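Those protein sequences? They're chains A and B, same order as listed.
Residue numbers for the first sequence follow this note's numbering, beginning at 1 and rising by one.
Residue numbers for the second sequence follow this note's numbering, beginning at 342 and rising by one.
Hints are supplied without guarantee of correctness; some may be wrong.
[Stated by the list, open to error] Have a look at the derived ranges for each label pair, beta carbon to beta carbon:
(1) D344(B) - A235(A): 14 to 24 Å
(2) G395(B) - P191(A): 13 to 23 Å
(3) L449(B) - R50(A): 10 to 20 Å
(4) R334(A) - P607(B): 20 to 30 Å
(5) R334(A) - L391(B): 48 to 58 Å
(6) A426(B) - F147(A): 21 to 31 Å
(7) R256(A) - F396(B): 44 to 54 Å
[Unchecked claim] Examples of chain B residues toward chain A, derived with CB under 8 Å:
(8) V358
(9) G387
(10) T398
(11) R412
(12) Y414
(13) T434
(14) K441
(15) L450
(16) I453
(17) N461
(18) Y520
(19) W550
(20) T566
(21) I573
(22) M601
[As the list claims (entries may be wrong)] Okay, derived cross-link-like pairs now, SDA-like style, lysine to any residue, Cα gap no bigger than 25 Å in a straight line:
(23) K47(A) - K532(B)
(24) K532(B) - V59(A)
(25) K245(A) - A235(A)
(26) K47(A) - R447(B)
(27) K277(A) - L603(B)
(28) K148(A) - I608(B)
(29) K47(A) - L450(B)
Hints in this document: simulated from the structure, not taken from any laboratory.
Just so it is clear, the structure is predicted and the values come from calculations on it, not from any experiment.
No residue lacks a Cβ here, since even glycine has one placed at the ideal position from N, Cα and C.
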Amino acid sequence: MSLHEPTTAPDGASATGPEAATSAVLAAKARKGERAPKGRAKLSWRKSIRRDWQLYTLVLLPLAFFVIFRYLPMAGNVIAFRRFQPGGSIFGEEWVGLRYVEMFLNDPTFWNVFGNTLTIGLLSLIFAFPAPIILALLLNEVRTRYFKRFVQTLSYLPHFLSIVIIAGMLLQLLSLEGTVNQIVRAVGAEPVPFMQRPEWFRAVYISSEVWQTVGWGTILYLAALTQIDQSLYEAARIDGANRWKQTLHVTLPGIRPTMITLLILNIGTFMAVGFEKILLIYNPLTYPTADVIATYLYRVGLESNNFSYAAAIGMFEAIIGLTLILSANAISRRLVGTSLW
Amino acid sequence: MKDSRGYRVFQIVNGAVLLGVVFVTLYPFLNIIAQSFSGETFIRAGQVNLVPLGFNTTTYQLVMGDDTFWRSYGNTVLYTIVATAIAMLLTTTYAYVISKRGIRGRGLLIGIAVFTMFFNGGLIPNYVLISSLGLTNSIWAIVLPNAISVFNLLVMKAFFENLPSELEEAAQIDGLSTYGILLRIVLPLSKAVIATMVLFYAVTFWNSWFQAFLYLNQQELFPVTIYLRNLIAGASTASSLGSGGGDLAQVASNVKAVTMVLTVLPILCVYPFIQRYFVSGVMLGSVKG
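Whenever a hint applies, use it, and build me the whole structure from the sequences.
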């Protein structure tokens, strides 16, 4: 890297080459009477382009990708305030102000799906977030290495499956002939058509969410666990702490930064509940509990062609998401000194 | 060191709990495998769980004799290869540039990428864009819009940053251009991370369905995930299957299981070899910076 940055000594341990280059650059700048800040001299744009133009050409394609497929759609949100005509400009035809925002604020279905989104998000946070921590702690107590490895390897598996496969498995397992109803029958109860019952939807969603994510989620925690200083455990033992106390006072504080980072990320994606999964497993019968903002705006926008209205809802959701992650980050920085950036 | 009696009891309980976790994780797979080999009447009677009943391979022959299935499968293979190639090209070049600490505008370039992790245009503006670009019903609607995963980008960046800079310096002194250094020095040193990234992307694209669901409406373009989704949703596109006789829904249950098995099969086959790469990739990505 110091190739392109003769002015910064990497890790403070670089050879004389770059340092010599540094002083050469500094000297050149001084001769021209240019500003030469201490330690790190910044080249002007023109000079850096002349020096690094080959590097800059490398970013052109990916940069075009970001502009076209990421930033243009962001700008395209302007259709939330403009009337959009299919086939017309992607930025809409004429300003209509807050008409679409007022529309969803007065839409009872919107508030219903908003509530569903919050409920599902909150339940995921309560159940799916701690699950990998618990599994990692249990794995950490395993003495037999092969057994630990075996459990770990298999628990990652669901992470690699297409959501379509997961939906298919859910529908098979929970159908009237499926395994769950075989158990229900075995204990003498009436079989339940789970996927048609709104009162069962949340349980189905959350338990499959845990199934999908728990194993993969342990990776970062297990890594954090290996980083804990073993002498802390010895000290705790000498102080008479049993295994449980050691877990409470050494292990948990040791993985706290990881927990907080992942918590912030989870809160940031709170509103973006598993849209694709819900789209695959819900049906009009379960709408009362299953319909979330994302699925509602999908139907409003792409099935009923109310693009502007759906865009207004989508923007509202994205802004809440961004606000959530920024505030979670700020709060954790203030309270515990850990933050994403 | 000897454990207390309570802890020894805990060890046994813990082992049992973890075995339970393994069983619950594996059960749905074993269940669809059992169903895929089972006779229709047994599934319908709700008797199939772990062991196939009325063992047969007719359903496999039925599905594998279906042209629509193979065309979808071929589409998935094609989309996965093209999308992964594009993704690797874009991710590698961008990651290489933003790994250079000295380049002007580096912070801006990183910011442009990272911001998209936390804020995105949303479904509707994306849909409008892809439609007005005229990408609907073409492979480009599948392979372009998600070409860069910022997470993968940051993993590669972290890897490039940790390469020893002396080699590149020496290469520059020998007169190699930036492109030459990237192609002949950096990439050969980065085989491990490149393999990991290819796997990351390939699995993602193999599994993806939503892009295709949104932008493709011609059956001959569908990837296998959409073929499967349509089977599950009951809007059976495989009219050739089961239309011959008897109960369509009944055959579908069988066919669904077989299609699921055949769709996950490639992933299950490579899984034992690739999962450790994924794990190391995640660890690399978790390095802050």
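Verify the interface restraint on Y520(B): the C-beta must sit less than 8 Å from at least one C-beta of chain A. holds (6 Å)
Residue hint I453(B), partner chain A, criterion CB-CB below 8 Å: holds (6 Å)
Let's test the interface hint: is any C-beta of chain A closer than 8 Å to that of G387(B)? holds (4 Å)
Double-check R412(B) for me: the hint is only fine if its C-beta lies closer than 8 Å to a C-beta in chain A. Where the cut-off is 8 Å and the nearest Cβ of chain A is about 17 Å from R412(B), the hint is violated.
Return the status of the interface hint for M601(B): holds when the least beta-carbon distance to chain A is below 8 Å, violated otherwise. It holds, given that the least Cβ distance between M601(B) and chain A is near 5 Å, below 8 Å.
Distance restraint hint 44 to 54 Å, applied to the beta-carbon atoms of R256(A) and F396(B): Holds, at about 52 Å.
Do the beta carbons of D344(B) and A235(A) sit within 14 to 24 Å of each other? holds (19 Å)
Outcome for the supplied range 48 to 58 Å, where the beta carbon pair is R334(A) and L391(B): holds (52 Å)
For L449(B) and R50(A), compare the CB-CB distance with the range 10 to 20 Å and indicate the outcome. Given a distance of about 19 Å, which is inside 10 to 20 Å, the answer is holds.
Could you grab the alpha-carbon distance between K47(A) and K532(B) and see if it respects the 25 Å cut-off? At roughly 33 Å apart (the allowed maximum being 25 Å), K532(B) and K47(A) break the hint.
For a C-alpha distance cap of 25 Å, please report whether K47(A) and L450(B) respect it. Distance of about 18 Å is within 25 Å: holds.
Range hint 21 to 31 Å: satisfied by the CB atoms of A426(B) and F147(A)? violated (40 Å)
Comparing the model with each numbered hint stated earlier shows that hints 4, 6, 10, 11, 12 and 23 do not hold.
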